[in-house]
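Whole structure, please, built from the sequences with the hints as guidance.
Here is what each chain is made of, one letter per residue.
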Amino acid sequence: MTRIPTAPPADRFAASRGKSAFPWILTAAFVASVAFSLREAQVQPGVLFDRQAAANVARFVAGMFPPQLSPDFLALMLRPAVETLQISVMGTFIAVLIGIPLGLLATSSLSWSGVLHERASRRGRWLLGFVPYAVSRAVLSVFRAIPEYVWAFMFVRAVGLGPFPGVLAIGVAYGGMLGKVYSEILEGVGPRPLETLHAAGASRGAIVLYGVVPQALPNVIAYTLYRWECAIRASAVLGFVGAGGLGQQIELSMRMFQFDEVLTLLGILFLLVAGVDFVSGRIRARVA
Amino acid sequence: MATVQSAARPAAWTALWGGAVVAALIVWASYGTQVDLGTLASAEAWRQMWTYASRLFPPDLSPAAVQDAARGAVETFAISLLGSVLAVLIGLPLSLLGTRSLVFRGLLYEARPLPPAEKTLRVLVFAAAKAVLNVLRTVPEIVWAMIFVFMVGLGPFPGVLALGVHTGGVLGKLFGEVLEGVEPAPLEALQATGAGRFRILVYGVLPQALPQLVAYALYRWEVNIRVAAMMGFVGAGGLGQRIHIAISLFHEHQLLTLLLAIYLIVTVVDAFSAYLRARLL
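Here the protein sequences come in this chain order: A and B.
Just so you know, the numbering used here puts 164 at position 164 of the first sequence, and the rest follows in order with no gaps.
Just so you know, the numbering used here puts 169 at position 169 of the second sequence, and the rest follows in order with no gaps.
There may be inaccurate statements among the hints.
[As the list claims (entries may be wrong)] In silico lysine to any residue, SDA-like type, Cα no more than 25 angstroms apart, as pairs:
#1 B/130 to A/263
#2 A/180 to B/46
#3 B/130 to A/274
#4 A/180 to B/93
#5 B/173 to B/154
#6 B/130 to B/153
#7 B/173 to A/222
#8 A/180 to B/207
#9 A/180 to B/260
#10 B/173 to A/283
#11 A/180 to B/270
#12 A/180 to B/212
#13 A/180 to B/19
#14 B/130 to A/277
#15 B/173 to B/139
#16 B/173 to B/207
#17 B/130 to A/60
Since the hints were made in silico from the structure, they are not lab data.
This is the structure:
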């Protein structure tokens with residue numbers, strides 16, 4: 001069991017040390033960008049400590065306590081809290097509906113290269129494999145690069161206020177992320193079982209079903225659950241652009257300077273997020 | 001064969017139960033959010049979306065619009081970068097204080113146990129750091145932004161503060177997990193040579209944790225470039241503010257220009273960060 005060290009691990013870096021200017025360039029670029037950004041973002045730390053700011057904070061903190069815990073208010077907030085949970089579930093579901101087909105198409109080992117397509121003609125591979133692959137990658141990249149609240153804002157314009165645009169926004173933005181990660185998981189599947197199935201004469205569908213899916217499923221489930229945890233946080237924020245749930249209530253209370261209500265709402269949000277994290281974490285631990 | 005079956009059966013039942021629970025959740029959620037998947041997949045819905053999307057084209061590529069989008073992109077970039085730097089400055093010290101194995105328990109304290117009074121004090125510091133991280137993380141960025149706008153007025157600066165404070169809480173938690181999980185063997189070796197706690201931290205814990213810490217900071221930067229744009233919705237400048245205006249005033253062609261800008265900047269930051277992380281790990 002004793003391992004004989006052959007070379008100190010530091011040797012791994014010896015080749016690159018001294019020769020490369022990369023770390024220096026990177027550091028210089030970092031310092032320059034921070035200096036540039038400090039000016040660009042009009043950072044004035046002094047403002048934080050002046051009397052006006054202190055008075056504002058004092059007003060805010062004093063306003064928060066005691067939190068608004070009257071039964072009427074709590075009963076009124078039950079519906080938005082439930083709505084936030086429902087938006088996160090429904091949004092994640094739509095994200096899966098978008099992510100699975102696009103993710104499958106965006107996996108090169110499934111759509112045009114590798115063991116599944118050894119027998120396909122070059123032209124067939126190009127038209128039926130590579131073109132859908134490239135298109136779905138592009139669509140996924142647009143879906144996930146536009147942030148969810150921008151989607152929400154556009155959907156509010158398209159379908160009106162309420163939870164529906166929130167669901168669509170999470171569905172589209174997270175669909176883009178899920179599709180990308182699904183394709184990475186599928187791409188990383190061990191090739192041995194696929195080759196064995198291939199050698200045994202299994203069809204393409206059978207290889208995917210018996211070779212790819214069983215290997216990928218635990219990771220796919222775990223990542224989807226992780227996205228659900230993100231979705232509950234996002235659905236609370238989306239309310240700020242009018243997409244329902246707790247966020248909308250927080251925004252209202254904030255605008256009315258009802259900071260005691262804000263504190264209660266943040267408490268509810270914390271419980272919701274912690275609850276979802278707990279459930280999702282338990283399932284993830286069992287699956288993975 | 002029999003053992004395989006008896007092992008597989010509970011798994012099949014679990015899958016069935018899990019599927020049923022998930023299906024019930026989805027039905028309940030679709031009822032509550034009034035989302036009808038049938039309508040969503042209908043030709044009418046697609047036609048409507050297509051009409052809206054086609055109204056965005058072509059993007060407004062006049063010099064004024066492009067310049068405006070570029071300014072927004074630069075502001076958003078600046079907010080995201082400074083927010084992430086501030087987050088590391090907040091998260092790192094708090095994570096050091098919020099790691100059990102560094103503050104009061106485990107290997108570092110085996111050779112020289114703490115006197116009871118000091119140990120109590122350290123447990124309190126640990127608990128306080130954890131509590132602060134929890135609060136920072138629980139309050140969403142957008143709420144922090146409103147609080148800071150309330151404090152220091154409009155502009156990108158409150159956006160930087162909001163990002164830094166919230167992400168500081170997130171990074172503090174992630175950093176803590178990394179610090180907790182370092183290999184104990186090098187620490188034991190250092191301890192055997194008589195190194196003190198501080199030396200073990202500097203020469204044993206940090207070198208092991210550093211690549212992972214940097215990777216997490218970069219990952220949060222990718223998240224923050226998206227959030228930085230959102231700060232504009234509460235008056236903190238950047239692309240978000242311009243998108244808000246373009247949507248509200250139905251400036252559809254300009255909106256597309258801004259969407260292209262946000263797509264570009266997010267994709268570039270993602271690619272750059274992924275490249276750095278790959279080089280690092």
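To see whether the hints hold, each was checked on the structure:
Between residue 130 of chain B and residue 263 of chain A, the direct Cα distance comes to roughly 19 angstroms. Compliance with the 25 angstroms bound is thereby established for this hinted pair. This hinted pair checks out: residue 180 of chain A and residue 46 of chain B have alpha carbons roughly 24 angstroms apart, not beyond 25 angstroms. About 15 angstroms separates the Cα atoms of residue 130 of chain B and residue 274 of chain A, which keeps this hinted pair within 25 angstroms; it holds. A distance of roughly 34 angstroms separates the Cα atoms of residue 180 of chain A and residue 93 of chain B; the hinted pair therefore is violated under the 25 angstroms criterion.
For the suggested pair residue 173 of chain B and residue 154 of chain B, the alpha carbons sit about 30 angstroms apart, so the restraint of at most 25 angstroms is broken. This hinted pair does not check out: residue 130 of chain B and residue 153 of chain B have alpha carbons roughly 30 angstroms apart, beyond 25 angstroms. Proximity of residue 173 of chain B to residue 222 of chain A is assessed by CA-CA distance (about 20 angstroms); at most 25 angstroms being required, the pair is judged to hold. For a cut-off of 25 angstroms, the pair hint linking residue 180 of chain A to residue 207 of chain B is broken: about 32 angstroms separates their Cα positions.
Restraint check for residue 180 of chain A and residue 260 of chain B: the C-alpha separation of about 20 angstroms stays at or below 25 angstroms, so the hint holds. A C-alpha spacing of about 21 angstroms is found between residue 173 of chain B and residue 283 of chain A, which places the hinted pair at or below 25 angstroms, so the restraint holds. Distance restraint check for residue 180 of chain A and residue 270 of chain B: the Cα-Cα separation of roughly 13 angstroms lies within the 25 angstroms cut-off, and the hinted pair is therefore satisfied. Distance hint between residue 180 of chain A and residue 212 of chain B is fulfilled; the C-alpha atoms sit about 22 angstroms from each other, no more than 25 angstroms.
Of the supplied pair hints, the one linking residue 180 of chain A and residue 19 of chain B holds, its CA atoms being roughly 24 angstroms apart against a limit of 25 angstroms. The straight-line distance between the Cα atoms of residue 130 of chain B and residue 277 of chain A is roughly 17 angstroms, inside the 25 angstroms bound, and the hint therefore holds. Taking the CA atoms of residue 173 of chain B and residue 139 of chain B, the gap is near 14 angstroms; set against the 25 angstroms cutoff, the hint holds. With a C-alpha separation of about 19 angstroms, the suggested pair residue 173 of chain B and residue 207 of chain B falls inside the 25 angstroms cut-off, and the hint holds.
Distance restraint check for residue 130 of chain B and residue 60 of chain A: the Cα-Cα separation of roughly 23 angstroms lies within the 25 angstroms cut-off, and the hinted pair is therefore satisfied.
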